[in-house]
Amino acid sequence: MDFSGNHILSIDQFDRSDIDKLFSVADKLEPYASKQKITRVLEGAILGNMFFEPSTRTRISFGASFNLLGGNVREITEVGSSSLAKGESLADTAQVLSGYSDIIVMRHPEEGSVKKFAEASRVPVINGGDGSNEHPSQALLDLYTIEKELSQNNKSLDGLRIALVGDLKYGRAVHSLCKVLSLYSKVTMNLISPEELKLPIKILNQLKASGINVIQTENLEEGISEVDIIYVTRVQEERYTNKEDANRYRGLLSLNQSIYTANCEPNTVIMHPLPRDSRSDANELDTDLYENPNLAIFRQADNGVVIRMALFSLVLGIENKIEESSKSVNWKVGLNN
Amino acid sequence: MDFSGNHILSIDQFDRSDIDKLFSVADKLEPYASKQKITRVLEGAILGNMFFEPSTRTRISFGASFNLLGGNVREITEVGSSSLAKGESLADTAQVLSGYSDIIVMRHPEEGSVKKFAEASRVPVINGGDGSNEHPSQALLDLYTIEKELSQNNKSLDGLRIALVGDLKYGRAVHSLCKVLSLYSKVTMNLISPEELKLPIKILNQLKASGINVIQTENLEEGISEVDIIYVTRVQEERYTNKEDANRYRGLLSLNQSIYTANCEPNTVIMHPLPRDSRSDANELDTDLYENPNLAIFRQADNGVVIRMALFSLVLGIENKIEESSKSVNWKVGLNN
Amino acid sequence: MDFSGNHILSIDQFDRSDIDKLFSVADKLEPYASKQKITRVLEGAILGNMFFEPSTRTRISFGASFNLLGGNVREITEVGSSSLAKGESLADTAQVLSGYSDIIVMRHPEEGSVKKFAEASRVPVINGGDGSNEHPSQALLDLYTIEKELSQNNKSLDGLRIALVGDLKYGRAVHSLCKVLSLYSKVTMNLISPEELKLPIKILNQLKASGINVIQTENLEEGISEVDIIYVTRVQEERYTNKEDANRYRGLLSLNQSIYTANCEPNTVIMHPLPRDSRSDANELDTDLYENPNLAIFRQADNGVVIRMALFSLVLGIENKIEESSKSVNWKVGLNN
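Protein chains in written order, with the numbering used here: chain D, 1 to 337; chain H, 1 to 337; chain P, 1 to 337.
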């Protein structure tokens with residue numbers, strides 16, 4: 001794929017070489033994300049950070065990534081303030097907003113809306129999540145995290161053994177991750193969920209067709225015993241029309257340190273797309289895992305920044321110009337101690 | 001008028017020479033708005049983008065314009081979060097907020113509020129719309145669009161033939177445009193609206209007094225047949241207390257390609273302040289006009305950026321310093337191919 | 001205290017030498033706040049301006065202060081859009097958000113929440129207000145204002161005579177100011193409030209223990225007659241569960257020019273943390289005081305910018321690097337004439 005000047009709408013656009021390219025740019029951007037140096041390469045550029053559905057962390061992550069490249073951010077944070085309410089078509093909104101930005105990140109509650117928006121936009125659009133459909137940067141940062149965590153144990157994505165835990169029916173992050181893992185060989189995937197929240201049959205068949213070794217179970221202990229990665233998800237109440245349905249599944253699959261110790265291999269990595277639900281009736285990832293060095297959930301969130309910086313860099317074609325405007329950091333980074 | 005250090009509250013402040021000056025600065029800023037180069041002339045300056053009434057596109061347009069000049073933007077996006085709710089006077093709010101900004105754009109639902117705010121502000125204030133009263137940057141970008149579109153057919157504002165279509169009673173944009181067109185000679189204006197939505201008599205009399213040749217009609221086909229510009233507006237439901245009243249007028253005057261072909265001169269330009277209402281019961285400008293090269297509605301929205309950049313430049317007195325801090329653009333602009 | 005790399009959570013962290021250091025940095029930043037020059041020292045840095053409770057002016061003041069040092073600002077403006085609503089713990093939110101920022105300002109309605117947040121954050125956190133608990137930057141800007149105003153009459157904080165007026169029970173600003181004034185010697189404090197809104201006994205005892213000469217009264221005229229500073233506060237309706245209770249106290253203590261003239265010494269300075277309630281039934285500081293040169297309320301608000309710039313500078317350890325990236329101002333500052 002030629003990233004430059006193109007929309008990033010779906011994880012389906014990516015083949016292995018695209019992912020390799022993206023990850024190598026992300027690696028190069030790491031010193032900027034961790035404030036070893038700064039770059040002003042996108043000075044003068046404007047990101048239109050258009051969130052027609054609230055999502056604080058994704059919004060801030062995209063915005064911060066653009067700032068780290070030197071660009072400015074203009075934002076929409078709610079649908080209420082938008083012209084859509086006055087009967088404007090998505091195409092018109094796209095035409096107008098793309099006159100104010102060099103690149104747009106768009107999140108919208110309706111499936112397919114971002115693609116429709118992109119078709120009328122005059123600048124590249126990155127899908128920041130459209131309903132339960134696509135959220136490609138999440139899948140990419142998940143994959144990047146898996147690769148980085150594995151590499152510390154001298155493993156690679158080919159041969160990966162992963163357990164996906166929780167709401168596999170509605171979990172958009174899980175669906176996209178499944179798709180992108182299909183690009184790799186000798187992958188084993190343990191799908192751990194209540195019967196009613198099983199992975200949709202369509203995605204399941206795609207996994208099998210691509211050669212992934214799939215095992216389905218409702219038993220957490222069994223499913224997590226021989227894997228490199230445990231990827232846990234939250235029951236997404238906001239996707240249920242009936243809240244009681246959601247409540248029925250919350251708390252069914254909870255991982256804590258003692259279950260981990262009793263069942264997992266020594267370096268099994270724990271991931272979660274966050275937010276995790278830490279209320280006592282859910283608690284899918286217990287806070288007693290805080291001390292576990294294999295808990296990668298915050299490294300995973302951090303990786304969102306480099307991956308989004310890499311996406312911006314490739315789409316805006318500045319991936320080889322970053323160093324040119326590199327400067328040193330003036331301020332004290334992080335906490336004293 | 002001396003722009004530098006002054007408020008921009010009303011279109012009444014502008015005479016022809018002011019408009020000429022503004023438009024010539026806007027022309028000079030065009031390469032920056034279209035990303036042929038960037039400028040950092042307002043580096044270190046802060047725009048207080050104070051929207052006490054939601055208006056996504058006006059807010060983003062002002063914010064992006066300030067970013068394009070190199071400045072930063074701090075924003076208020078809703079009245080709920082404001083101290084006005086705690087009984088603070090507009091004068092106090094102005095005093096405080098003007099200590100945080102170098103220039104303020106203010107939008108507020110109450111007529112006259114922005115003027116009151118400006119009287120207490122210690123920095124220049126640009127009216128971003130106060131109720132159904134004034135919204136000068138809209139009128140200026142409309143006029144700029146008319147002039148640019150006309151100039152492509154070797155016509156000028158003197159001698160303009162324009163049709164104003166739709167809600168002429170409540171349409172703030174229309175009222176301001178009428179005022180500013182009074183500055184030009186030999187203007188013919190066809191006012192096309194349902195009887196109940198006719199232009200207020202006060203404005204009508206001003207038009208006539210200024211020498212504009214005014215024709216009033218309810219017939220769309222007739223009214224658009226011999227004009228250079230058709231300026232269509234939306235029925236502004238939000239200005240009606242009774243929604244049924246608004247609904248009665250929606251869809252009465254709809255322009256589409258076949259009506260255009262049957263009635264208009266070859267190069268008649270179509271404008272609209274946007275958002276246009278594309279719901280089937282309104283549809284004042286049909287989407288089948290998308291392919292019509294004379295549909296100028298998105299060029300019009302784009303012109304908002306250069307006009308707002310020009311306003312900022314003149315009010316902050318940097319119109320002759322822009323080139324000094326000019327730089328080349330690092331990134332790939334727009335979409336691939 | 002070592003500011004660099006540390007959280008600023010409570011006014012209790014400050015001793016006299018800390019305050020001296022902060023104020024001397026603030027003095028050095030004055031030319032930048034008043035736009036005599038600009039600095040880009042924090043170019044590339046990101047402030048996470050996280051407001052989980054609305055507060056326009058504090059939010060904009062912190063954001064503008066960071067912009068004035070050259071940094072970027074990413075923001076949260078409401079709790080609704082946050083992951084907290086999905087059951088995420090404050091610790092998780094802190095872990096994630098601190099991956100997006102170099103420093104965080106946090107405001108949250110719950111007492112103690114900011115401290116809890118800071119414990120999990122990987123970057124320094126400044127308390128922007130947690131319920132009725134702490135709001136250290138307000139106390140610091142109040143103290144800075146007192147010192148600056150006094151110094152014009154050749155007085156200093158030691159020996160200060162101050163009247164605190166209004167809701168002394170719930171007023172967070174008042175409580176913090178009391179604490180910080182305890183650091184100075186020979187202070188006289190007149191506490192003027194209705195019986196029911198008296199200063200909490202715990203704080204009163206601390207004042208006395210620190211050697212402050214405290215006088216309590218319900219009589220405004222008496223209490224303001226022999227002081228250097230009158231510090232007036234608003235009845236904070238939002239802290240009352242029963243609105244009628246709040247209404248009972250509004251308007252009981254109102255200062256206007258004639259009361260001032262009849263009772264005060266010639267140079268008595270009037271302060272207020274703002275917003276003041278200018279509705280006729282409250283009106284704790286009459287607008288007829290606008291012309292009084294001793295009305296320092298807007299100078300006080302302005303001082304918030306330099307104090308916040310100074311806090312950022314010290315916490316990020318750049319207080320001695322500001323001049324290096326100093327530039328001249330390109331634009332016309334303020335209003336014409």
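One should not assume that every hint holds.
You can't tell identical chains apart in this list, so a pair holds if it fits in one copy or across any two.
[Unchecked claim] List of simulated lysine-lysine pairs, DSSO-like, C-alpha gap at most 27 Å:
1) Lys116 / Lys332
2) Lys327 / Lys179
3) Lys155 / Lys186
4) Lys115 / Lys186
5) Lys116 / Lys35
6) Lys116 / Lys169
Read the hints as simulated data drawn from the structure, not as lab findings.
These are the hints, each one checked on the structure:
For a Cα distance limit of 27 Å, the shortest separation of Lys116 from Lys332 across copies, 23 Å, qualifies, whereas the shortest one inside one copy, 44 Å, does not. Taking CA atoms no more than 27 Å apart as the test, Lys327 paired with Lys179 passes in neither setting, with 39 Å inside one copy and 42 Å between copies. Proximity of Lys155 to Lys186 under the C-alpha cut-off of 27 Å is restricted to the intra-copy arrangement: shortest distance 13 Å within a copy versus 70 Å between copies. For the identical chains of this complex, Lys115 and Lys186 are neighbours neither inside a copy (33 Å) nor across copies (47 Å), given an alpha-carbon limit of 27 Å.
In this assembly of identical chains, the alpha carbons of Lys116 and Lys35 lie at most 27 Å apart only when taken from different copies (25 Å versus 37 Å within one copy). Proximity of Lys116 and Lys169 under a CA criterion of 27 Å is satisfied intra-copy only: 25 Å inside one chain copy versus 35 Å between copies.
In the structure shown, a violation is registered for the earlier hints numbered 2 and 4, in ascending order.
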